[in-house]
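K.L.:
My request is simple: use the sequences and hints to build the entire structure.
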Amino acid sequence: MARTFDPFRDMERLFEQRSTSQPGMNMDVYRSAEHFVAEIDLPGVDPSSIDIDIDDRTLTIRAERKSRASDDTQWLTRERATGTFARQLMLGRGIDAGRIEADYTDGVLTVTLPVAEESKPRKISVAHSGGQREISSEVVEEGDEG
1 MARTFDPFRD MERLFEQRST SQPGMNMDVY RSAEHFVAEI DLPGVDPSSI DIDIDDRTLT
61 IRAERKSRAS DDTQWLTRER ATGTFARQLM LGRGIDAGRI EADYTDGVLT VTLPVAEESK
121 PRKISVAHSG GQREISSEVV EEGDEG
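Read left to right, the sequence shown gives residues 1 to 146 (full-length UniProt numbering).
It should be emphasised that the hints constitute simulated quantities derived from the structure, not laboratory data. These figures come from a predicted structure and were not determined experimentally. We treat Cβ as the ideally placed atom computed from N, Cα and C, and that holds for glycine. Do not take every clue at face value.
What the hints assert, rightly or not - Restricting the straight-line Cα-Cα distance to at most 20 Å, the calculated cross-link-like pairs of lysine to any residue (SDA-like) are:
no.: 1; residue 1: 66; residue 2: 35
no.: 2; residue 1: 66; residue 2: 52
no.: 3; residue 1: 66; residue 2: 106
no.: 4; residue 1: 66; residue 2: 96
no.: 5; residue 1: 120; residue 2: 47
no.: 6; residue 1: 66; residue 2: 47
no.: 7; residue 1: 66; residue 2: 93
no.: 8; residue 1: 120; residue 2: 66
no.: 9; residue 1: 66; residue 2: 54
no.: 10; residue 1: 66; residue 2: 76
no.: 11; residue 1: 120; residue 2: 52
no.: 12; residue 1: 120; residue 2: 96
no.: 13; residue 1: 66; residue 2: 80
no.: 14; residue 1: 123; residue 2: 100
no.: 15; residue 1: 120; residue 2: 100
no.: 16; residue 1: 120; residue 2: 76
What the hints assert, rightly or not - Label-pair restraints from in silico Cβ distances:
no.: 17; residue 1: 28; residue 2: 121; range: 21 to 29 Å
no.: 18; residue 1: 82; residue 2: 56; range: 25 to 33 Å
no.: 19; residue 1: 97; residue 2: 73; range: 39 to 47 Å
no.: 20; residue 1: 49; residue 2: 112; range: 35 to 43 Å
no.: 21; residue 1: 41; residue 2: 123; range: 33 to 41 Å
no.: 22; residue 1: 49; residue 2: 126; range: 15 to 23 Å
P.N.:
Right, here's the structure in full:
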C-alpha cells in the first residue's frame, strides 16, 4: 500500500501535542503558504531577555518577565506569572532550520519556520523517447497542481 507523502505531518503532529497552554507562553501555530508560524504571547517581557536556540531539531524559546512590585508590596490578586519561561518545539525534517526568523512586536513573539525546499511538493514528468525513459522534477507552486 502506498502512503501519501506529507512533509508537514510531523510539524502538525508536534503542534497538536503542544496545544496545551503553558504559564506565561500561550502559543498559536498556523501554516501560511510555505511557512509555519508560531505566535507566542509574551506581554511585559523585556525584548533583550528573549533567547531562541536551535539544537539539531529542537527549537528552545526562553524569556523573562520581572515583577514590577517592590519588596513591601501586599498582593491583593496576582494572576500574571513572573520569572523565566521556556518552551521547546521539536521540528520536523521538512523545516529549513537555517532560515528561521523571529520578531517581537506588541508583546507577541512571532517565529517563522520556512518549509525546506526539498520538502515542497513536486511534479514528476515522464518522457518517452526511443525506448529510453527520462524523469525530471519541478517544484509545484501552490495552486498550480493541474
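K.L.:
Confirm or reject each hint.
P.N.:
These are the hints, each one checked on the structure:
{"no.": "1", "hint": "66 x 35", "in the structure": "32 Å, violated"}
{"no.": "2", "hint": "66 x 52", "in the structure": "19 Å, holds"}
{"no.": "3", "hint": "66 x 106", "in the structure": "17 Å, holds"}
{"no.": "4", "hint": "66 x 96", "in the structure": "33 Å, violated"}
{"no.": "5", "hint": "120 x 47", "in the structure": "33 Å, violated"}
{"no.": "6", "hint": "66 x 47", "in the structure": "12 Å, holds"}
{"no.": "7", "hint": "66 x 93", "in the structure": "36 Å, violated"}
{"no.": "8", "hint": "120 x 66", "in the structure": "42 Å, violated"}
{"no.": "9", "hint": "66 x 54", "in the structure": "25 Å, violated"}
{"no.": "10", "hint": "66 x 76", "in the structure": "18 Å, holds"}
{"no.": "11", "hint": "120 x 52", "in the structure": "26 Å, violated"}
{"no.": "12", "hint": "120 x 96", "in the structure": "11 Å, holds"}
{"no.": "13", "hint": "66 x 80", "in the structure": "10 Å, holds"}
{"no.": "14", "hint": "123 x 100", "in the structure": "26 Å, violated"}
{"no.": "15", "hint": "120 x 100", "in the structure": "16 Å, holds"}
{"no.": "16", "hint": "120 x 76", "in the structure": "53 Å, violated"}
{"no.": "17", "hint": "28 x 121: 21 to 29 Å", "in the structure": "25 Å, holds"}
{"no.": "18", "hint": "82 x 56: 25 to 33 Å", "in the structure": "31 Å, holds"}
{"no.": "19", "hint": "97 x 73: 39 to 47 Å", "in the structure": "43 Å, holds"}
{"no.": "20", "hint": "49 x 112: 35 to 43 Å", "in the structure": "21 Å, violated"}
{"no.": "21", "hint": "41 x 123: 33 to 41 Å", "in the structure": "40 Å, holds"}
{"no.": "22", "hint": "49 x 126: 15 to 23 Å", "in the structure": "55 Å, violated"}
The structure does not agree with the numbered hints 1, 4, 5, 7, 8, 9, 11, 14, 16, 20 and 22 stated previously, though it agrees with the rest.
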